[in-house]
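Chemist: Kindly generate the complete structure, drawing on both the sequences and the hints.
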Amino acid sequence: MHNFKLKVLAPVGALIIVASTSLVLAHGGATGIVKERMDLMASVGKSMKTITEMFQGDKPFDPEAVRKAATFIGNHGGEQMTRLFPEGSIEGPSESLPAIWQDWEGFSKLADDLTQYAGALAEAADNPRGPGMGSGMGQGRQGGTGASPMGRRNPMMGKSADGMPMNDPAALAQMSPDAAFVRVTRTCSACHTQFRKKQ
Amino acid sequence: MRFSYLVAAAVIVVVATGSAVTIFRGNPVPEDVIASLDGDPDRGAYVARLAGCIACHTNESGGGELLAGGPPLKTPFGTFYGPNITPDPIAGLGRWSINDFARALRHGISPAGKPYYPAFPYTSYSKFTDQDIADLWAALNTVPDVDKPSTSHELGFPFNQRWALRGWQNLFFDSETFRDDPNRSELWNRGKYIVTGPAHCGACHTPRNPLGASDAERALHGAGGLPGDERSPPITTAKLLEKGWTERGLAFGLRFGTKPDGDVLGGSMGEVIRDGTSWLSDEDLRAIAHYLLNNKDTE
Numbered sequence: 001m002h003n004f005k006l007k008v009l010a011p012v013g014a015l016i017i018v019a020s021t022s023l024v025l026a027h028g029g030a031t032g033i034v035k036e037r038m039d040l041m042a043s044v045g046k047s048m049k050t051i052t053e054m055f056q057g058d059k060p061f062d063p064e065a066v067r068k069a070a071t072f073i074g075n076h077g078g079e080q081m082t083r084l085f086p087e088g089s090i091e092g093p094s095e096s097l098p099a100i101w102q103d104w105e106g107f108s109k110l111a112d113d114l115t116q117y118a119g120a121l122a123e124a125a126d127n128p129r130g131p132g133m134g135s136g137m138g139q140g141r142q143g144g145t146g147a148s149p150m151g152r153r154n155p156m157m158g159k160s161a162d163g164m165p166m167n168d169p170a171a172l173a174q175m176s177p178d179a180a181f182v183r184v185t186r187t188c189s190a191c192h193t194q195f196r197k198k199q
Numbered sequence: 001m002r003f004s005y006l007v008a009a010a011v012i013v014v015v016a017t018g019s020a021v022t023i024f025r026g027n028p029v030p031e032d033v034i035a036s037l038d039g040d041p042d043r044g045a046y047v048a049r050l051a052g053c054i055a056c057h058t059n060e061s062g063g064g065e066l067l068a069g070g071p072p073l074k075t076p077f078g079t080f081y082g083p084n085i086t087p088d089p090i091a092g093l094g095r096w097s098i099n100d101f102a103r104a105l106r107h108g109i110s111p112a113g114k115p116y117y118p119a120f121p122y123t124s125y126s127k128f129t130d131q132d133i134a135d136l137w138a139a140l141n142t143v144p145d146v147d148k149p150s151t152s153h154e155l156g157f158p159f160n161q162r163w164a165l166r167g168w169q170n171l172f173f174d175s176e177t178f179r180d181d182p183n184r185s186e187l188w189n190r191g192k193y194i195v196t197g198p199a200h201c202g203a204c205h206t207p208r209n210p211l212g213a214s215d216a217e218r219a220l221h222g223a224g225g226l227p228g229d230e231r232s233p234p235i236t237t238a239k240l241l242e243k244g245w246t247e248r249g250l251a252f253g254l255r256f257g258t259k260p261d262g263d264v265l266g267g268s269m270g271e272v273i274r275d276g277t278s279w280l281s282d283e284d285l286r287a288i289a290h291y292l293l294n295n296k297d298t299e
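Line by line, the protein sequences give chains Y and L.
Under my numbering, think of the first position of the first sequence as 1, with each following residue one higher.
Under my numbering, think of the first position of the second sequence as 1, with each following residue one higher.
Think of the hints as simulated: they come from the structure by calculation, not from any bench.
Any given hint could turn out to be false.
Here are the simulated DSSO-like cross-link-like pairs (lysine-lysine), alpha carbons at most 27 Å apart as the crow flies [unchecked claim]: (1) Y:Lys49 to L:Lys239; (2) Y:Lys197 to L:Lys243; (3) L:Lys243 to Y:Lys59; (4) Y:Lys198 to L:Lys74; (5) Y:Lys35 to L:Lys74; (6) L:Lys239 to Y:Lys197; (7) Y:Lys46 to Y:Lys59; (8) L:Lys74 to L:Lys114; (9) L:Lys239 to Y:Lys59; (10) L:Lys243 to Y:Lys198; (11) Y:Lys46 to L:Lys239; (12) Y:Lys198 to L:Lys239; (13) L:Lys243 to Y:Lys46; (14) Y:Lys59 to Y:Lys109; (15) Y:Lys197 to L:Lys74.
To list a few chain L residues with every Cβ distance to chain Y over 10 Å, as calculated [to be verified]: (16) Asp88; (17) Gly94; (18) Arg95; (19) Asn99; (20) Pro182; (21) Glu230; (22) Thr246; (23) Phe252; (24) Phe256; (25) Asp263; (26) Gly267; (27) Lys296.
Sample of chain L residues with no beta-carbon within 12 Å of chain Y, all distances over it, derived [as the list claims (entries may be wrong)]: (28) Leu73; (29) Thr129; (30) Asp130; (31) Ser152; (32) Asn183; (33) Ser185; (34) Asn189; (35) Ala213; (36) Ala238; (37) Gly249; (38) Asp261; (39) Leu265.
All C-beta atoms, glycine included, are put in the ideal place defined by N, C-alpha and C.
Modeler: Okay, structure coming up:
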């Protein structure tokens with residue numbers, strides 16, 4: 001019984017606490033390093049928006065604009081990004097998770113990947129476009145590569161979006177811009193899945 | 001204290017009432033027609049992506065084997081672990097018939113006649129077509145056996161009273177076959193089938209009542225109290241349009257994780273995209289986007 005009371009009331013209590021703190025935080029505003037990185041993320045997002053609209057087919061594809069936006073993103077990945085995350089800096093309206101410092105290596109790797117893939121995209125901007133989905137990656141990624149359709153874990157789960165395991169930035173620069181674009185978006189998404197507060 | 005007694009009493013009365021009805025209704029009868037179909041394991045692997053089977057039945061971050069048991073799913077009722085659904089005869093589904101499988105998906109009842117917790121989204125899976133079930137079954141049978149059972153659910157009273165789920169099912173669950181709306185296009189119907197059936201979008205995007213049943217009146221209106229204290233946004237047509245989604249943008253976003261404002265989808269949706277929607281065909285993504293952006297049911 002006691003247990004049940006806890007189960008019912010604890011979430012209610014937690015909700016009140018969470019609600020009241022977020023109210024305070026929302027008015028607090030970001031300062032210092034948190035503000036700096038939130039501003040950076042916003043400008044990276046702006047460049048992503050520019051690129052996405054073109055890959056998605058909402059706007060005509062302009063290789064020069066893609067190159068410019070991708071270069072901007074690439075210049076703000078790697079250490080330029082990780083230096084804005086000193087240990088424990090989750091104050092104010094920050095959406096960062098402590099997981100960043102528990103898995104600093106994984107976090108830094110994704111920041112480096114961002115620079116690498118955005119760089120590949122900048123280089124690949126003039127290459128011929130890839131197939132499918134008004135520009136996308138075509139026919140999905142049907143599971144199964146071999147005798148067993150459900151696959152062993154790795155072939156089924158570890159493959160890249162377009163079914164190609166290849167993630168080498170130098171090789172990507174030779175391919176369609178779409179192939180590099182998908183790796184950029186996946187890198188953003190992987191980082192925000194692991195290291196940003198769930199909304 | 002008085003409040004919690006009251007809630008517990010209400011739960012017991014509700015489930016007991018429901019259960020009394022069940023006793024007279026008996027168990028649902030499995031559909032024999034499924035056994036006569038040829039399952040295509042390749043298509044089944046695709047259906048597994050569509051239905052999110054892998055995410056809940058594979059503890060990927062814990063290094064678990066494919067479909068040998070899921071990571072903890074923390075809910076207000078307790079912690080659930082997706083069971084082992086490999087073909088192992090003891091720990092998995094090796095002794096099941098395809099009819100057992102169909103009954104589990106469509107009616108939420110185990111081969112031994114026990115009701116499943118609605119953490120297993122049979123309220124959506126009941127819409128699965130016969131062919132999808134046959135294909136999924138064929139695909140599951142290609143997975144390597146794992147002889148270790150998954151972790152047992154961790155639930156406190158009164159939610160550990162599994163018999164009570166019969167009452168829950170009676171009150172909140174009608175196994176519903178999906179029917180195309182003849183006044184709508186094939187694309188729209190396909191989208192509705194995916195969203196309300198296999199992809200069970202409502203499991204996270206539709207709010208639930210205190211007993212964990214979906215609030216049909218507010219389908220896809222967004223919900224709080226999700227595992228990991230997460231909140232899902234509304235995905236009604238009106239809200240999606242308000243946030244700048246287009247059919248093209250949404251289909252694109254379900255593959256690449258991009259959002260109209262230049263942000264990306266993270267959190268659990270990042271996982272759904274990574275393990276599920278990014279694997280779907282262009283046509284299915286278009287169908288989902290078309291349905292969601294033309295969904296009068298949510299107005």
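Chemist: If a hint holds in the structure, say so; if it doesn't, say that too.
Modeler: Verification of the supplied hints:
no.	hint	result
1	Y:Lys49 to L:Lys239	holds (20 Å)
2	Y:Lys197 to L:Lys243	holds (20 Å)
3	L:Lys243 to Y:Lys59	holds (19 Å)
4	Y:Lys198 to L:Lys74	holds (15 Å)
5	Y:Lys35 to L:Lys74	violated (33 Å)
6	L:Lys239 to Y:Lys197	holds (22 Å)
7	Y:Lys46 to Y:Lys59	holds (15 Å)
8	L:Lys74 to L:Lys114	holds (22 Å)
9	L:Lys239 to Y:Lys59	holds (23 Å)
10	L:Lys243 to Y:Lys198	holds (18 Å)
11	Y:Lys46 to L:Lys239	holds (22 Å)
12	Y:Lys198 to L:Lys239	holds (19 Å)
13	L:Lys243 to Y:Lys46	holds (16 Å)
14	Y:Lys59 to Y:Lys109	violated (32 Å)
15	Y:Lys197 to L:Lys74	holds (17 Å)
16	Asp88	holds (14 Å)
17	Gly94	holds (15 Å)
18	Arg95	holds (19 Å)
19	Asn99	holds (21 Å)
20	Pro182	holds (28 Å)
21	Glu230	violated (4 Å)
22	Thr246	violated (7 Å)
23	Phe252	violated (5 Å)
24	Phe256	violated (4 Å)
25	Asp263	violated (5 Å)
26	Gly267	violated (4 Å)
27	Lys296	holds (25 Å)
28	Leu73	holds (14 Å)
29	Thr129	holds (19 Å)
30	Asp130	holds (19 Å)
31	Ser152	holds (17 Å)
32	Asn183	holds (28 Å)
33	Ser185	holds (19 Å)
34	Asn189	holds (20 Å)
35	Ala213	holds (17 Å)
36	Ala238	holds (19 Å)
37	Gly249	violated (6 Å)
38	Asp261	violated (6 Å)
39	Leu265	violated (6 Å)
Hint compliance for this structure: hints 5, 14, 21, 22, 23, 24, 25, 26, 37, 38 and 39 are not met, and every other hint is.
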